[in-house]
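Engineer: Could you put together the complete structure from these sequences and hints?
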Amino acid sequence: MSDGFRAYWARVDDELAEFPARPVLTRVPGRCTPNFTGYQVRLSGIGSYRLFGYLSVPTGPGPFPGLLEVPRHGSVNNAPHYNERLRYIVFTAMHRGQRLADSPFSASYPGLFTLGITDPANYIYRPIVADCLRAAEFLLGQPLLDPARAGVTGDDLALITAARRPGFAAIQVTGPLLHEAMRRRHGTTEYPWEELNDHLRHHPADEDALAATLALFEPARHAPAVAAPTQLAVPSSGPTWGDDLLGALGGRLQRYRRTDEDAVDTRALDAWLAGRLGVDPAARFIA
Amino acid sequence: MTGATPPRNTSAAAITVPRPADFDEFWADTLRLTEAIDPAPELPPRPDLSTPEVTVSELFYTSFQHVRVAAWYAAPAGPAPAGGYPVVLHIPGYVSEPAILKSWAERGYIAIDLAPRGKLRSNSAVNPGYPGLLTHNIVDRFTYGYRGFYADVVRSIDVIARLPEVDADRIGVWGSSQGGGLGIVAAALRPGLVRCVAAGAPYLCGIMAAIRLTHSYPYEEITEYLRAHPDDEPLVADTAGYYDGLNFADLVDAPALVYLGMEDDVCPPETGFAVYAALPEPKQLLTYERCAHNAGLRWVIPKVEAFLDGHLKPSGARA
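First to last, the protein sequences are chains A and B.
Positions in the first sequence are counted from 1; adding 55 to them yields the working numbering.
Positions in the second sequence are counted from 1; adding 157 to them yields the working numbering.
All clues stand as given, with none of them false.
Here are the computed distance ranges between Cβ atoms for each label pair:
id : chain 1 : residue 1 : chain 2 : residue 2 : range
1  : A       : Met-237   : B       : Glu-210   : 17 to 25 Å
2  : A       : Phe-60    : B       : Glu-210   : 31 to 39 Å
3  : B       : Glu-210   : A       : Ala-260   : 21 to 29 Å
4  : B       : Gly-286   : A       : Pro-259   : 33 to 41 Å
5  : A       : His-257   : B       : Asn-166   : 50 to 58 Å
In short, the hints are calculated from the structure, not lab data.
No experiment lies behind these values; they were computed from the predicted model shown.
Here a beta-carbon is modelled for each residue, glycine too, at the ideal position from N, C-alpha and C.
Structural biologist: Here is the structure:
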């Protein structure tokens with residue numbers, strides 16, 4: 056790990072620490088049942104930005120296992136699923152720019168993935184990662200949480216979050232976003248990676264700058280700091296996870312190869328997390 | 158008696174939706190109000206997003222209640238052939254943003270992906286949010302959030318048919334989930350323009366039945382609404398009848414391809430079978446075991462492409 060890499064992320068941590076979260080929880084009657092209580096959460100992040108998330112807490116004295124759902128790439132994140140509410144203290148975070156966390160910044164699609172990308176200090180994923188770290192701090196600080204049973208799930212932002220916020224007992228990475236993005240851009244017109252192609256088509260001299268920025272966010276560079284068992288969902292076809300990342304995870308790595316039968320895949324991913332966090336697996340399709 | 162719940166027989170479930178007596182009048186009025194407004198289409202180019210093979214533009218038009226609606230427009234680069242290009246109109250899912258469909262343009266289509274009101278770029282005046290759209294004013298069919306959303310989809314077809322590079326006789330509609338349900342609505346309300354419709358895991362079909370078959374979003378929004386407002390259920394059911402795809406299906410006058418995941422927790426397969434049963438011929442149903450809301454995506458996309466190509470003939474002359 057280079058000094059530049061370490062210093063970049065240490066600065067993010069330092070800046071984030073300057074902004075207390077000051078969470079405000081608002082109970083949502085429609086998301087409350089005898090089995091759980093749902094809240095909308097407003098909390099502060101880096102750069103004087105007010106963020107948003109959904110929190111659900113099972114009924115009872117606890118302690119309960121916890122689950123952080125990091126935001127997906129897109130403007131909307133669903134509230135946590137009913138099955139997760141029954142089993143976990145679950146927090147679903149919005150990063151800045153997404154719906155409900157879109158004031159004063161509203162993300163564009165396409166546009167978000169390359170916003171400020173020529174300068175690591177201004178790349179939008181710098182504060183977005185900080186938003187994920189703030190979400191992790193919020194979940195890990197929940198009073199009814201069993202600190203030995205917290206998990207995090209989502210795209211490779213989940214891995215970066217877990218690398219920088221030890222405390223998770225299980226990490227599940229459902230797919231790549233930032234991993235080897237400069238390689239993934241080749242041979243596709245799919246967004247968000249096509250944003251890199253759009254940028255370089257008009258600014259070919261920026262290629263080294265883009266690569267340098269993205270290197271700071273490369274999950275393979277963060278992986279050595281991951282302490283917990285990590286499940287990577289491996290695509291059934293197309294580009295897969297790079298050897299650097301697989302090697303960096305070492306004995307903590309567990310792979311699940313997707314079948315593309317998504318009911319099967321969803322059940323398998325759910326069962327892995329449930330097993331790690333000590334709850335029963337649950338199928339979303341009600342048989 | 159064991160009290161055990163029998164397994165779901167998804168293909169045999171009897172799902173019916175009462176059709177309001179003034180259903181046709183309600184939608185005729187909605188479209189009449191929309192058609193009274195100048196669509197004022199604009200097609201500004203986006204060279205920053207274009208490639209040597211694909212020209213990307215934005216499409217804007219004015220719709221119901223004077224709301225300005227956006228879409229992405231991707232066309233093969235270069236001059237259009239005589240008679241124009243065929244069009245694939247894609248309608249996004251509930252939480253999705255419209256995409257720039259460059260790969261479809263590379264195959265010879267004008268590929269348009271719509272952002273009906275409330276989606277990004279179309280939400281400056283109307284923004285019920287997500288979650289929120291499904292239950293926005295759901296107690297009142299006249300102000301329900303989906304009224305303008307449906308009108309935006311239908312109006313897009315009128316606008317697209319008049320664009321200079323478009324062959325108005327070769328417009329197909331495709332989408333999954335919300336895009337599947339709205340594709341059926343579009344084909345029903347514009348039978349003279351929609352030549353074929355491919356609908357995956359159609360949402361907004363059998364709405365009130367669906368909320369009893371799943372805890373997944375978006376239908377869970379209605380469950381949560383009724384948890385907080387239990388006395389509103391008759392009003393919610395009344396509104397749903399005006400917007401339910403089952404009540405539009407028999408108006409479709411275009412070949413239809415429907416595909417379903419047999420373990421779809423988002424749009425229960427029972428509702429997909431019900432809307433398929435209500436569609437007139439010609440129609441085709443594809444089902445995928447062990448699949449959920451992706452509805453066999455990996456295997457069905459080549460079949461969707463073949464279906465649309467067969468009806469719209471992207472590289473050849475009109476049939």
